[in-house]
Amino acid sequence: MEKINLTIDNINVEVDKGTTIYKAAKKAGIDIPVLCYLNLEHLNIENRPGGCRICVVEVEGRKNLAPSCSTECTQGMVVKTHTLRVLNARKTVLELILSDHPAACLTCSSSGQCDLQDLSQKMGIREIHAVENAKVSTYRKDASPALNRDMDKCIMCRRCETICNDVQTVGALSGINRGFMSVVAPAFEQDLEDSPCTFCGQCVAVCPTGALTPFDDTNRVIRALADPKKTVIVQTAPAVRAALGEEFGMEPGTLVTGKMVAALRTLGFDKVFDTDFAADLTIMEEGTELLGRLTKFLAGDKDVKLPILTSCCPAWVNFFEHNYTDMLDVPSTARSPQQMFGAIAKTYFADMMKVKREDLVVVSVMPCLAKKYECERDEFKVDGNPDVDYSISTRELARLIKAANINFKALPDEDYDNPMGESTGAGVIFGVTGGVIEAAVRTAYELHTGKKLQKIDFEELRGLEGIRMATIDFDGIPINIGIAHQLGNARKLLDGIRSGMYNFHAIEIMACPGGCIGGAGQPLHHGDSNIIRARFDAIYREDAGKPIRKSHENPYIVKLYEEFLGHPMSEKAHHLLHTHYFEKHKI
Amino acid sequence: MSTTFKIQESHIKTIHDICDSFNNDPGELINVLHKCQGEFGYLPEDVQREIASKMKISVAKVYGVVSFYSFFTMTPKGRHAISVCMGTACYVRGAEKVVDEFKSQLSIKVGGVTEDGKFSLDCLRCVGACGLAPVVLIGEKVYGRVEPHQVKDILAEYND
Numbered sequence: 000m001e002k003i004n005l006t007i008d009n010i011n012v013e014v015d016k017g018t019t020i021y022k023a024a025k026k027a028g029i030d031i032p033v034l035c036y037l038n039l040e041h042l043n044i045e046n047r048p049g050g051c052r053i054c055v056v057e058v059e060g061r062k063n064l065a066p067s068c069s070t071e072c073t074q075g076m077v078v079k080t081h082t083l084r085v086l087n088a089r090k091t092v093l094e095l096i097l098s099d100h101p102a103a104c105l106t107c108s109s110s111g112q113c114d115l116q117d118l119s120q121k122m123g124i125r126e127i128h129a130v131e132n133a134k135v136s137t138y139r140k141d142a143s144p145a146l147n148r149d150m151d152k153c154i155m156c157r158r159c160e161t162i163c164n165d166v167q168t169v170g171a172l173s174g175i176n177r178g179f180m181s182v183v184a185p186a187f188e189q190d191l192e193d194s195p196c197t198f199c200g201q202c203v204a205v206c207p208t209g210a211l212t213p214f215d216d217t218n219r220v221i222r223a224l225a226d227p228k229k230t231v232i233v234q235t236a237p238a239v240r241a242a243l244g245e246e247f248g249m250e251p252g253t254l255v256t257g258k259m260v261a262a263l264r265t266l267g268f269d270k271v272f273d274t275d276f277a278a279d280l281t282i283m284e285e286g287t288e289l290l291g292r293l294t295k296f297l298a299g300d301k302d303v304k305l306p307i308l309t310s311c312c313p314a315w316v317n318f319f320e321h322n323y324t325d326m327l328d329v330p331s332t333a334r335s336p337q338q339m340f341g342a343i344a345k346t347y348f349a350d351m352m353k354v355k356r357e358d359l360v361v362v363s364v365m366p367c368l369a370k371k372y373e374c375e376r377d378e379f380k381v382d383g384n385p386d387v388d389y390s391i392s393t394r395e396l397a398r399l400i401k402a403a404n405i406n407f408k409a410l411p412d413e414d415y416d417n418p419m420g421e422s423t424g425a426g427v428i429f430g431v432t433g434g435v436i437e438a439a440v441r442t443a444y445e446l447h448t449g450k451k452l453q454k455i456d457f458e459e460l461r462g463l464e465g466i467r468m469a470t471i472d473f474d475g476i477p478i479n480i481g482i483a484h485q486l487g488n489a490r491k492l493l494d495g496i497r498s499g500m501y502n503f504h505a506i507e508i509m510a511c512p513g514g515c516i517g518g519a520g521q522p523l524h525h526g527d528s529n530i531i532r533a534r535f536d537a538i539y540r541e542d543a544g545k546p547i548r549k550s551h552e553n554p555y556i557v558k559l560y561e562e563f564l565g566h567p568m569s570e571k572a573h574h575l576l577h578t579h580y581f582e583k584h585k586i
Numbered sequence: 000m001s002t003t004f005k006i007q008e009s010h011i012k013t014i015h016d017i018c019d020s021f022n023n024d025p026g027e028l029i030n031v032l033h034k035c036q037g038e039f040g041y042l043p044e045d046v047q048r049e050i051a052s053k054m055k056i057s058v059a060k061v062y063g064v065v066s067f068y069s070f071f072t073m074t075p076k077g078r079h080a081i082s083v084c085m086g087t088a089c090y091v092r093g094a095e096k097v098v099d100e101f102k103s104q105l106s107i108k109v110g111g112v113t114e115d116g117k118f119s120l121d122c123l124r125c126v127g128a129c130g131l132a133p134v135v136l137i138g139e140k141v142y143g144r145v146e147p148h149q150v151k152d153i154l155a156e157y158n159d
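From first to last, the protein sequence lines are chains W and H. Everything in the first sequence is counted per numbering that gives the first Met the number 0, starting at 0 for the first residue and increasing by one. Everything in the second sequence is counted per numbering that gives the first Met the number 0, starting at 0 for the first residue and increasing by one.
Please keep in mind that the hints were generated in silico from the structure rather than gathered at the bench. Heads up, some of the hints might be wrong.
Claimed, not checked - Under 10 Å between C-beta atoms, here's a sample of chain H residues computed to sit facing chain W:
{"#": "1", "residue": "Arg48"}
{"#": "2", "residue": "Gly63"}
{"#": "3", "residue": "Ser69"}
Glycine included, every Cβ here is placed at the ideal spot set by N, Cα and C.
Given these sequences and hints, build the entire structure.
Here you go:
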C-alpha cells in the first residue's frame, strides 16, 4: 500500500493512500468536529454525504476550505484544522443550521446527549444572527409505539437514511422534497407504523439531534409504581448491565449488574428479576425445537424446515414478516425472552404470589426500542391485558434513577430475586451477536449427545464480523451454523439460503450492530464503536464469571418444568411460550 | 372527479413493460417515472409502489425522487392540461393576471383540476417562446400574447 506523508497542525502523519484528512487527523490525535459524518469502524458502517461542512479544514495551496471527511490526503499536504478562517467558517455553518432549528433545548428529550447542542457549546454560539423573525421549517410529527419523529429538529445529516437503507436494507426512510421542505420521511410521509419500518431504532441510535427519539414510557412506569393496588415486577435484559453504567459516567464495558438490581429495588419494584432467566427458558424451547427438526431431517424427512432461524429479536421478526413472507414457517416459534418472561410471570408467578393478572404489572428494561412494539402485539395479550405491560430502554432506566435522586455509583451490589432472577452464563450472552446460538449449542449438544461438553466456550461463534459461519461437531454430526447481525447482513444470508448457496442447520440473527449491546435503547455511542466493543467483552466476562453456564442446568428452570410446564414443547409450553408470524404488507 | 386511483391488471402490465424496457435498473428510475407519468398523466401512490416492487427499490426512495422533481406530480391532470408560463418574460408581461383569470373562470387553484376532470391548471417556467410572452399551453397547443379577456374564448374551444 502506497504511503502518504502530510502534516496536520504541524504534526507529521503517515497514512495509506486513500485515507481522508479526517481519519489522518484522528490518527494524529486531532478530533475534527463532525455532524453528518459517522464511522463505526468495527462494524463497517460509514455515512459520508459531505453535506454539513462542519468538518472543513484549511489546506495550503487550496483556494477554498476542504471538507475533511471526504477529502483524501495527498503527498506533502499541509493541513490546518483550527485557523481563524476555519473556525469562522464552522461557526457560520453552524449558525445557518441553527437558524432552521427550534431553540427548544430546555425541553428536548435529547438535551445533554445532542451532538448539535454539544457543538454549539463548543463553538461558543451565544446568539443566532438574523433569524429573529425567520420561521423554522415545520413538518408533520409521527409517534409510533417505539419511536418519535420530530423532523423540525432534523438537520438533514442523512445518517438515519444510510442506516435504514444501506445498513439495515429496510427502506422505510428516504430524503424527500427539496429546499427548505426537504426532510427524511417514509414514503408519502405516512406514519412509520404503515411503512416497512422494523422499529430496530438504529436511526434513533445515530441521530445527532432530537429529531428521532425513543417513545418515552417512564411516566407510565412511575404511575404503576405509585399505585398501591399493583404489584410491579421488573425484568432486565442481558445487554443492559453492560451499558447502563455509561449513563453515570462509568467506563464503557463496566458491568453494573448488582448496582442496577439495587437501583431497581430502591425505585420500588416489588421483585427484581432477570430476562436472562427467560433466555434460559428460550434455550430449552428453541433448543428442543432445533433438535426436533434436526432429528427428523437426519431421519430423512424432506419437508422439515431447516435452517431454523432464531426469533428473539423483535426487529428481525418484523423484518421477515415484511420481507420473507414465503418463509414464515421457518423461524423458531419460540417467543422472545421478554415475552416468555411476561407469560410465565402472569401465570406461574402470579399464582405463586396469589396476585390477579390485572394487578400484576410487568416492566422490562431493554436495550431495544422494538421491544416496545413487541409487547404491544395482540398475540401477547390475554383479554387485552399484555404479558409485558411496559418496556423501557436502558436510557429511560437511567433517567428514572436520576429522577429518583439515587446515587447510582454509591449503591451496593445486590442480587436478583428468585425464582425468576436465577440465570446462567448462557442467558447472559443473549445480549451479543452469536450468543443465542452459542447458548443453544451448549444445551443442544449435551441433550443430543448425552455427553458433557469438554469446553463451554465456542470461540468460533464469537466476533463482530457481520456474517459468520461455523461448523460444530455434534459427536460425529457436523452442524452448520450461520450468524448475522444488522438486517442487511441477515438479508444477504437469507437470500443465499433461498438461492441454495448455503446449507445451514441453524441461523442466529440480531438486527442491531453487535447484537443487543448495540441496541437503540442503549446509551448513545456518538459514533464510537469502541464502546460497543467494550460492551461485547463485558458480556463474555459476565458469562465466564457465572457458576452455571448452561441453560438446562439452571435449577429454577428445571423446577419450572417440574412444577408447571411439564417438558419443553409441551402443550402448556406451546400455549405460553410459542407464537406464530404474520404476513405484513409493504406499503 | 375521484382522486383515488385503483390499480388494474392492465396498469401493472404497462408499468412492468416500462420498467423492463429500462432493464429494471434503479439508475433509470427518473426515466421510468417520466414514461409512467406520460402513460397515466400522474404518479399515484399505487403506481409508485408497483414501480418500487418491480425495480426492487424501496417505495420511500421512489417517493423521494417523485417529491424532489417539480415535473413529477401525484395529482391527476385534467383532460386538457393548462400550463401558464411564469418565466421572467411572461411574468413581466402579465402572466399572473392570465393565471388569475384561469383560476376565476375554472374556480380552481394552481395545481388543481376542475370537478368534471376537464381542465387542470399549472404554472411552469420558460417554454422558450419569450417572443410570444405571455405564453399559455393547453395540451400541446401554444397560445401566444394571451390577455386575460381572451381566456374565456380559449376555454370555449374545448367543448368536448
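Here is how each hint holds up against the structure:
1. Arg48: Holds. Min distance 7 Å.
2. Gly63: Status holds, d = 4 Å.
3. Ser69: Since chain W brings a Cβ to about 8 Å from H:Ser69, closer than 10 Å, the hint holds.
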